[in-house]
Amino acid sequence: MSETDLIGQFLANAAGTTAAVETVKRDPEALNEALLRIAGDGPIFFACAEDVDPRLFYRFGQNQRVLTEPSVDEMKTIRTGVTDAFCGIASTGSICVSIGRELTGPASSLTRKHIAVLNAKAIVPRPRDVFSEEILEGKGLHRSFSIITGPSATADMGPLVRGVHGPGKLHIIVLV
Amino acid sequence: MSERLLNDIHPREVANKSMKESLRKAIGMALRIESDALRLNTQTFNTNRYTAVGKLDDYEDLKDRAREIKESSIQKLPELIERLTRSVEARGGKVFLARTKEEATSYVRNVCRSFDAKLVVKAKSITSEEIGLNHVLQDAGIEVAETDLAEFILQVSKEQPSHIVAPAIHRSRERISKLFKEHFETAKPLDTGEQLTEFARDILREKFLAAEIGITGANLVSADEGTILLVESEGNIRLTTQLPAVHIAIAGIEKIIPSRKDFGTFIELLAASGTGQPLSSYTNILEPPLDLPVLNLNGRKDTRREFHLVLLDNGRMKMREDPDLKEALYCVRCSACMNVCATFQAVGGHAFGGECYTGGIGGAWTVGTSGSLAEGRFAELCTGCTRCVPNCPVRIDIPRLNSVIKNRLMKSEGGPSLEKRFFGNFSSMAKVASLAPALSNWINSLSPSRALLEKFAGVDRRRSVPPFAKVTLAREYDKYRKKNAPLAATDPNARKLVLFADVFTNYQNVQVGMATIRVFEKLGFPVTLSNVMEDGRSALSQGLLESARRSAARLAVYLKRLIDGGADILVAEPSVLGMFRLDYAKLLDSPDVSSVLRAHTFDPLEWLNSSAERNPQFIRRLEQKIKTGATQPEIFYHAHCQLKTIGAGDAATRFFRKLGLSVKTSDVECCGMAGSFGYKKEFYDISKNIGRDLARQIEKSIRSNASLRILASGTSCREQIHDELSRRVEHPVEFIDEML
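Chains as they are written, first to last, in this note's numbering: chain F, 5 to 180; chain G, 886 to 1625.
There is no bait here: all hints are sound.
The calculated lysine-lysine pairs, modelled on DSS-like cross-linking and capped at a C-alpha distance of 30 Å, are:
no., chain 1, residue 1, chain 2, residue 2
1, G, K1092, F, K80
2, G, K1529, G, K1543
3, G, K1566, G, K1296
4, G, K1316, G, K1368
5, G, K940, F, K143
6, G, K1316, G, K1364
7, G, K1543, G, K1407
8, F, K80, G, K1003
9, G, K1566, G, K1355
10, G, K1296, G, K905
11, G, K910, G, K1565
12, F, K143, G, K1146
13, G, K1186, F, K80
14, G, K1043, G, K1092
15, G, K1043, G, K1073
16, F, K173, G, K1066
17, G, K1407, G, K1529
18, G, K1066, G, K1003
19, G, K1355, G, K1407
20, G, K1364, G, K1445
21, F, K173, G, K1092
22, G, K979, G, K1186
23, G, K1043, G, K910
24, G, K1510, G, K1543
25, G, K940, G, K1543
26, G, K961, F, K143
27, G, K940, F, K125
28, G, K1073, G, K1092
29, G, K940, F, K173
30, G, K1073, F, K173
31, F, K80, G, K1073
32, G, K1368, G, K1407
33, G, K1565, G, K1529
34, F, K80, G, K1066
35, G, K1316, G, K1367
36, G, K979, F, K143
37, G, K1146, F, K125
Covered by chain G, per the in silico footprint, the following chain F stretches (three or more residues, Cβ under 8 Å):
no., region
38, 69-81
39, 104-110
40, 125-133
Keep in mind that the hints were calculated from the coordinates and are not lab data. This one's a predicted model, so the numbers in the text were calculated from it and none came from an experiment. C-beta: ideal position from N, C-alpha, C; glycine also.
Model the full structure from these sequences, guided by the hints.
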């Protein structure tokens, strides 16, 4: 499958999970504009595991509202998180977000809105491809991470409700 | 009215099914209170599963691979435990191998105490239910907050899980709303799904921020890396594993597989088979203790993360040594077997389940982990319909596990009851009854004899017992042959056809047998009739395994001879065909013989449809022959459960559609009669509950066409539908016979 096909499939399937997904030019200004637009008001919890080139976040990181090391109290209340994702999965519209030294884990799980930035070149065809030494330098075999497929959801209270313990809104930016 | 009064019995009181009475009460409670929510929710999962696995283009290969990995992992389990221990310890984690539930709970309690923990957040874990962890911690003064919303509901209602993936599946939104309003003093509205979710989320968020320790289960654990797989949709597992500095994971030893590379095989299968999604919202792959800095949102000053892996034996090693129960260890706890099960859809895991394990697979798990055969009594609710078999991602023969439990239970309780002997020896009974069918049928219809039959053999008196034919199929066939000389084969190279004279067709459904012979001969395919022989179906359904094995061995020799002589065997009764195609592989000692039988036995419609697919001329010839009258008849076809399992469930539909007929089909998995199941007094209400579900679908079609023809291949399906609708129900061959 060509890279363009993979991106197309990824975008369609991610939208199918009710994530909001869009492509953005690989450029600090463009990314900054998109992140601030999607994030809306209030402080932003930003964590990058360097799976997407950190230089692309340079403009965004300068913003006063962006917190890379929020205090305990800020972490308890902050509503928007921005992280990078090291992999996208075309067949399911999922993203893979690391859980490691950088705070990508909490930024993508404590918040109500999670914005993930994914490199278009890091999209693989199927979930099983994440577990391969040959793909993405075997990243999927050597770290802790979550494969995130759409927003947090439950049907335990009867109807399907989005937004439970994890973010009820998931936005994915695919850098092209 | 309070929940207690409304339910009149609390599910917990009857969770343990050691006593027959508990099973009976649980069935009554579930049918009265829980059935509607259960049916809606399980059928939604079931429909979604079919869609999701339909999108996996290598579904069958994935299942083979998953089975292979699980089989070999259980085989080398002791070695994997050692490898896993080394991997976790190398990263600074601790591993504790608990032989019993007491060892496991006391280890967890000690870890909690060593951290002076007051509050533990816990993600859904059936294994922790198995060991009764919450009680132990609470008795030690430690608060346990269940963070999965379904488990949160159960903590309030004090019920046991009714399903392994969706533990509160038995509760409708209305019943959750009522429960919360009674339990919580709050001004917040508690009516809609959103309101209930937000309310529970806010309570639990406070718990997450304050907890000192997080406890999870594990879907799988990889030995070489010490990686754990945790699948969820709410995000509570992510918080449980990231917020507190201490993470305790409790995993049954059967969850260990060699390498995390193998997770790739399981994650798509698990999500598709369980909730019917391509993937659940969060598939967490964790190498604890995590590199993530300690967050200390709880105000503590913990300096490093700690990880404890509690590996639980609690009967599993013994299951591994048990040639039959061992198979249950391959289970990946996806719940497909529950969602697809007609009985489970009607009564759920509070009746079809024990203290924590539920559904068809729950019997073996309950027996294995409790060490008590009697606690697995709910295995009696498995009708043997086999719908779980092709839907299990690791190909576990769940009905077989339940037959084994029924068999062992029967022996432990002093041999077969009169009821089991009655239902399990249909052949002998039929032989005697058919000596004077008129007399037998008359006696059967009398109310005193029905009362006796109910009292001593457990046959519910509200069921009409199918009458015995005045003349058996064997004799009817002889008469037919006297008038109709054997047909010469048009193709001398074609295999001969022999209709197997199974006991149901021979003694009760003679018209079906004769219609099969006439249809095939009218179409130019000569058919002869086999000897009448017992196949073992009725014995197997009662757990009379030795008797089933004896019948299978005798019959296999006979059928193999026919097949070696160039014959293909037609079987009009699907449950008997199911024996040849599925069960004989396990009942016979010789895999060669069972594979020959599997390849050369056919449902009549399956055979006709595949002939039509090979040879389109055949359909054109048939179209010229059929007499449908002025208006084309419209058909409602209910496919027999075992026909579906062997892949012949849609043959009749495809065949009739090739003839240009309009066919509607049911989507119920099984009619609920399931051989003898629906005749039994103790299960009559479940059977009727399932039968109503099927009848509703047929009634809907009848409303738009009053002259709808109702077709079903199974004798018990026909009985069940007739009992509900009082309308004629035919075998598809009878319908074709009439058209020709």
